[in-house]
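In case you want the letters, here they are:
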Amino acid sequence: MEKVKKIAVVAVLALTLLGIFSTHLLLPDKDLSSSERRKLEQLPPLTAEGVFSGDYFSELEQYLLDQFPLREQFRALKANFQYKVLGMQDNNGIYAAGDHLMKLEYPLQETQVDMAVSKLNSVLNKHPEIGAAYYAAIPDKNYFLAAQNGYPAMDYEALMERLQGLQAQYIDIFPLLTIDDYYRTDSHWRQERIVPVAQALCRAMGTQTAGVEQYTPVSRDGFYGVYAGQSALQVEAETLTALTSTVTDSAVIKSVEHKTTMPMYTWQDFAGVDPYDVYLSGAEAVITMENPLAQNDRELVVFRDSFGSSIAPLLLEGYAKVTLVDLRYIASDLLENYVSFDGADVLFLYSTALYNAGGVLK
Amino acid sequence: MLFSSITFLYVFLPVLAVYYVVPKNWRNHVLLISSLLFYFVGEPVYVLLLIVSSLSDFFHSLCIEKHRGTKKAKIALCSSIAINLGMLGFFKYTDFLIGAVNGLLGTAIPLTGIELPIGISFFTFQTMSYTIDVYRGDAKAERNLATMATFVCLFPQLVAGPIVRYLDVERELHQRSVTLESLYLGARRFACGLGKKVLIANAMGELCAVFRTVTESSVAFYWIYAAAFALQIYFDFSGYSDMAIGLGRMFGFHFPENFDYPFISGTISEFWRRWHMTLGGWFRDYLYIPLGGNRVSRGRWILNTAIVWAATGLWHGAAWNFLLWGIYFGVLLVLEKLVWGGALKKLNGFWKRVYTLPLLLISFVIFNAADMAQLAGDLKAMFGLGGLPLWSFETGYYLRSYAVLLVCAVIGAVPLSKQLWQRFAKTKAGGIVSVAAEPLYVLAMLVIATAYLVDGSFNPFLYFRF
Numbered sequence: 018m019e020k021v022k023k024i025a026v027v028a029v030l031a032l033t034l035l036g037i038f039s040t041h042l043l044l045p046d047k048d049l050s051s052s053e054r055r056k057l058e059q060l061p062p063l064t065a066e067g068v069f070s071g072d073y074f075s076e077l078e079q080y081l082l083d084q085f086p087l088r089e090q091f092r093a094l095k096a097n098f099q100y101k102v103l104g105m106q107d108n109n110g111i112y113a114a115g116d117h118l119m120k121l122e123y124p125l126q127e128t129q130v131d132m133a134v135s136k137l138n139s140v141l142n143k144h145p146e147i148g149a150a151y152y153a154a155i156p157d158k159n160y161f162l163a164a165q166n167g168y169p170a171m172d173y174e175a176l177m178e179r180l181q182g183l184q185a186q187y188i189d190i191f192p193l194l195t196i197d198d199y200y201r202t203d204s205h206w207r208q209e210r211i212v213p214v215a216q217a218l219c220r221a222m223g224t225q226t227a228g229v230e231q232y233t234p235v236s237r238d239g240f241y242g243v244y245a246g247q248s249a250l251q252v253e254a255e256t257l258t259a260l261t262s263t264v265t266d267s268a269v270i271k272s273v274e275h276k277t278t279m280p281m282y283t284w285q286d287f288a289g290v291d292p293y294d295v296y297l298s299g300a301e302a303v304i305t306m307e308n309p310l311a312q313n314d315r316e317l318v319v320f321r322d323s324f325g326s327s328i329a330p331l332l333l334e335g336y337a338k339v340t341l342v343d344l345r346y347i348a349s350d351l352l353e354n355y356v357s358f359d360g361a362d363v364l365f366l367y368s369t370a371l372y373n374a375g376g377v378l379k
Numbered sequence: 022m023l024f025s026s027i028t029f030l031y032v033f034l035p036v037l038a039v040y041y042v043v044p045k046n047w048r049n050h051v052l053l054i055s056s057l058l059f060y061f062v063g064e065p066v067y068v069l070l071l072i073v074s075s076l077s078d079f080f081h082s083l084c085i086e087k088h089r090g091t092k093k094a095k096i097a098l099c100s101s102i103a104i105n106l107g108m109l110g111f112f113k114y115t116d117f118l119i120g121a122v123n124g125l126l127g128t129a130i131p132l133t134g135i136e137l138p139i140g141i142s143f144f145t146f147q148t149m150s151y152t153i154d155v156y157r158g159d160a161k162a163e164r165n166l167a168t169m170a171t172f173v174c175l176f177p178q179l180v181a182g183p184i185v186r187y188l189d190v191e192r193e194l195h196q197r198s199v200t201l202e203s204l205y206l207g208a209r210r211f212a213c214g215l216g217k218k219v220l221i222a223n224a225m226g227e228l229c230a231v232f233r234t235v236t237e238s239s240v241a242f243y244w245i246y247a248a249a250f251a252l253q254i255y256f257d258f259s260g261y262s263d264m265a266i267g268l269g270r271m272f273g274f275h276f277p278e279n280f281d282y283p284f285i286s287g288t289i290s291e292f293w294r295r296w297h298m299t300l301g302g303w304f305r306d307y308l309y310i311p312l313g314g315n316r317v318s319r320g321r322w323i324l325n326t327a328i329v330w331a332a333t334g335l336w337h338g339a340a341w342n343f344l345l346w347g348i349y350f351g352v353l354l355v356l357e358k359l360v361w362g363g364a365l366k367k368l369n370g371f372w373k374r375v376y377t378l379p380l381l382l383i384s385f386v387i388f389n390a391a392d393m394a395q396l397a398g399d400l401k402a403m404f405g406l407g408g409l410p411l412w413s414f415e416t417g418y419y420l421r422s423y424a425v426l427l428v429c430a431v432i433g434a435v436p437l438s439k440q441l442w443q444r445f446a447k448t449k450a451g452g453i454v455s456v457a458a459e460p461l462y463v464l465a466m467l468v469i470a471t472a473y474l475v476d477g478s479f480n481p482f483l484y485f486r487f
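As they're listed, the protein sequences go chains U and R.
Take any residue in the first sequence, count from 1 to its spot, add 17: that is its number in the numbering used here.
Take any residue in the second sequence, count from 1 to its spot, add 21: that is its number in the numbering used here.
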């Protein structure tokens, strides 16, 4: 018996090391990790410079990590071990509360918020031709989940107080949202649930937009949000919905950056790295949306993050033209070359998470 | 290269299986080449230091032996030590000394920015022990350069110990055997060390890192941090030692033990008989005893103790906090011997730990301080002088989150579970259960550690910086 045990221990070690080594050699390399939404490292080129600087070996380790056999299964094992065996509250900063997944977003970075306020005020000051300026903050899911479930959360009241430094009129949308208005596996809100938010924004800006009954939902099953992959936990897929109407169907949308027209909803992106890119193709520096069916000639410029991509189509009915600006991808100094502010309403519409990382605004 | 890296576990080690199929007289060459490659991966240029060190100590020891008992032997010994200490001093202490001079004299001598070669404190101490042992006549000078270089470069203990003296492995460098028993013991020890490092030390390291980022700290969180760092460094370093000793067994070597459950110590002097035992032994045999040890006047003994502990502190790092750390222990050891040692002996085990553990936690806070200002802040906060509340929401959150791991770490840091298992394994039922349990344990450690490595990136070995 003793000898069997010893042979078994040695065999387990040898077979594991040699087995994974062989499998690594035999399996073809992959290009993408769909769960993590990123490209995977490829075998680094062997150069004398790389070897003697040590860079080659760090890149090799990263390559081996990225191309490790059964990598997704190992990540899932770690996540489950961390949550279920060690009882840890989060895994890589991702936590589960009820059936929602979320990333810890705290503490309040006061300097970052102040940077956002300063940057946005500088836009207002640089463009006196702006009509009226408004701002709103979209609560991230932690607002509904963190403190209630014993997780640390940023001080939202303090955040809102600091945002009062913005030289714009505040539109409070917090009371209009609940956790059910967000995807379970993603950070974003659900477009079909935020029509009242769009209506409230338009109302506050002196215009109006359609009610939910005037939209036709188009849905795709099999949506896994950003946290599904990051958490490495087994979660149920969701349904991603986009709302269409005569206004969204007839809108003329242009990417100012790429000088091309584009559809309101790019369903081919549903199978891409980030399915939420369905809404206005995801990250774009400047997009214009023209509404040929508009009842007025008012224009709106929305400074936004990815949350803005899904609510912008719902704001269009109240305006003849909506311009979406993402200051993460274009410097504010360059805006005059691409955006007309003349008499336009301006809405700063960012998630609390983005305000809390305001340094990313250029 | 890190032991807990995918490159090491799943490329380097599988390729090294060639060790078991080559003729026995080639095995040292396989180990030497693989050791140089192992070091080259982490330090492509500084691998030359290893080669220089091997050549230097090889020829110096031959010279010492040839001229034994003459002045030439002494000169050769001094030359060898000067080269080793010169390398160590140049790479490790130059900028520290420049900083000290600038601080004291107000000069602005620029720092050199020289990078510390990984493991230089370990391999220089190993090679110095070799030439000193040859000089003393305790060891014969090695006449085969490849064998000597294999000793100097032997990768399992090259970069983070244990500090293996030539005498420890002299016989095995020339003739060793790999048996099922040695493979079994080595495999089990290696898997245990990997688990200690990846599952516990890294997690404790994450807790220490997050401690520095919280917005609402508390007095309690400072003590949790002190405990977490003490556990991190213990599981990190003893885990590495376990892996090194396990690898050594698999290659047919018997490396000395480095840790013996130090946190159960009832006194600080007992702690140092259980913590980093090979370093303590080195300073005892090559510094403390040559200085006269304790067979001198009280004043001289205190001076000897101060020298040894200042050196021990500085060995760990070229910074004031390490010097303070060493002196802290030196003072405690003197006080234990001269003032309260007698009273300590009368205490029972529980009260001895009540005495020892807080002192050890404070020592590790000194050890991990980034600078003296942070150290002062940490110590003040631990004793309620930092204006912090006793408890905070974040303290509760992170304590809840790491509670199971902290309990596991504490259980793993005391010998009770090992003793219970050994007692059980000796019974008939235990013998049967262990046939399945031990392979499963090794498999679980490997698989779970691999899962953590594949998913995570927090993986530094603390003792690599020494």
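Any given hint might turn out to be false.
What the hints assert, rightly or not - Computed list of lysine-lysine pairs in PhoX-like fashion (alpha-carbon distance at most 25 Å, straight line):
1. Lys276(U) to Lys379(U)
2. Lys20(U) to Lys92(R)
3. Lys161(R) to Lys93(R)
4. Lys20(U) to Lys358(R)
5. Lys358(R) to Lys373(R)
6. Lys449(R) to Lys20(U)
7. Lys143(U) to Lys20(U)
8. Lys22(U) to Lys373(R)
9. Lys93(R) to Lys45(R)
10. Lys449(R) to Lys439(R)
11. Lys47(U) to Lys20(U)
12. Lys45(R) to Lys92(R)
13. Lys449(R) to Lys22(U)
14. Lys447(R) to Lys373(R)
15. Lys447(R) to Lys367(R)
16. Lys447(R) to Lys22(U)
17. Lys56(U) to Lys338(U)
18. Lys120(U) to Lys271(U)
Unchecked claim - To list a few chain U residues with every Cβ distance to chain R over 10 Å, as calculated:
19. Ala28
20. Lys95
21. Met105
22. Pro213
23. Val229
24. Ala249
25. Val273
26. Lys276
27. Thr277
28. Gly299
Just so you know, the hints here were simulated from the structure itself, not pulled from any lab data.
Using N, Cα and C, we set each Cβ at its ideal position, and we do this for glycine too.
Quick rundown of the hints versus the structure:
no. : hint                   : verdict
1   : Lys276(U) to Lys379(U) : 21 Å, holds
2   : Lys20(U) to Lys92(R)   : 56 Å, violated
3   : Lys161(R) to Lys93(R)  : 17 Å, holds
4   : Lys20(U) to Lys358(R)  : 49 Å, violated
5   : Lys358(R) to Lys373(R) : 15 Å, holds
6   : Lys449(R) to Lys20(U)  : 15 Å, holds
7   : Lys143(U) to Lys20(U)  : 82 Å, violated
8   : Lys22(U) to Lys373(R)  : 40 Å, violated
9   : Lys93(R) to Lys45(R)   : 37 Å, violated
10  : Lys449(R) to Lys439(R) : 18 Å, holds
11  : Lys47(U) to Lys20(U)   : 42 Å, violated
12  : Lys45(R) to Lys92(R)   : 40 Å, violated
13  : Lys449(R) to Lys22(U)  : 14 Å, holds
14  : Lys447(R) to Lys373(R) : 32 Å, violated
15  : Lys447(R) to Lys367(R) : 35 Å, violated
16  : Lys447(R) to Lys22(U)  : 14 Å, holds
17  : Lys56(U) to Lys338(U)  : 37 Å, violated
18  : Lys120(U) to Lys271(U) : 33 Å, violated
19  : Ala28                  : 8 Å, violated
20  : Lys95                  : 4 Å, violated
21  : Met105                 : 5 Å, violated
22  : Pro213                 : 33 Å, holds
23  : Val229                 : 38 Å, holds
24  : Ala249                 : 7 Å, violated
25  : Val273                 : 38 Å, holds
26  : Lys276                 : 40 Å, holds
27  : Thr277                 : 38 Å, holds
28  : Gly299                 : 26 Å, holds
This entry does not satisfy hints 2, 4, 7, 8, 9, 11, 12, 14, 15, 17, 18, 19, 20, 21, 24, going by the numbered hints stated previously.
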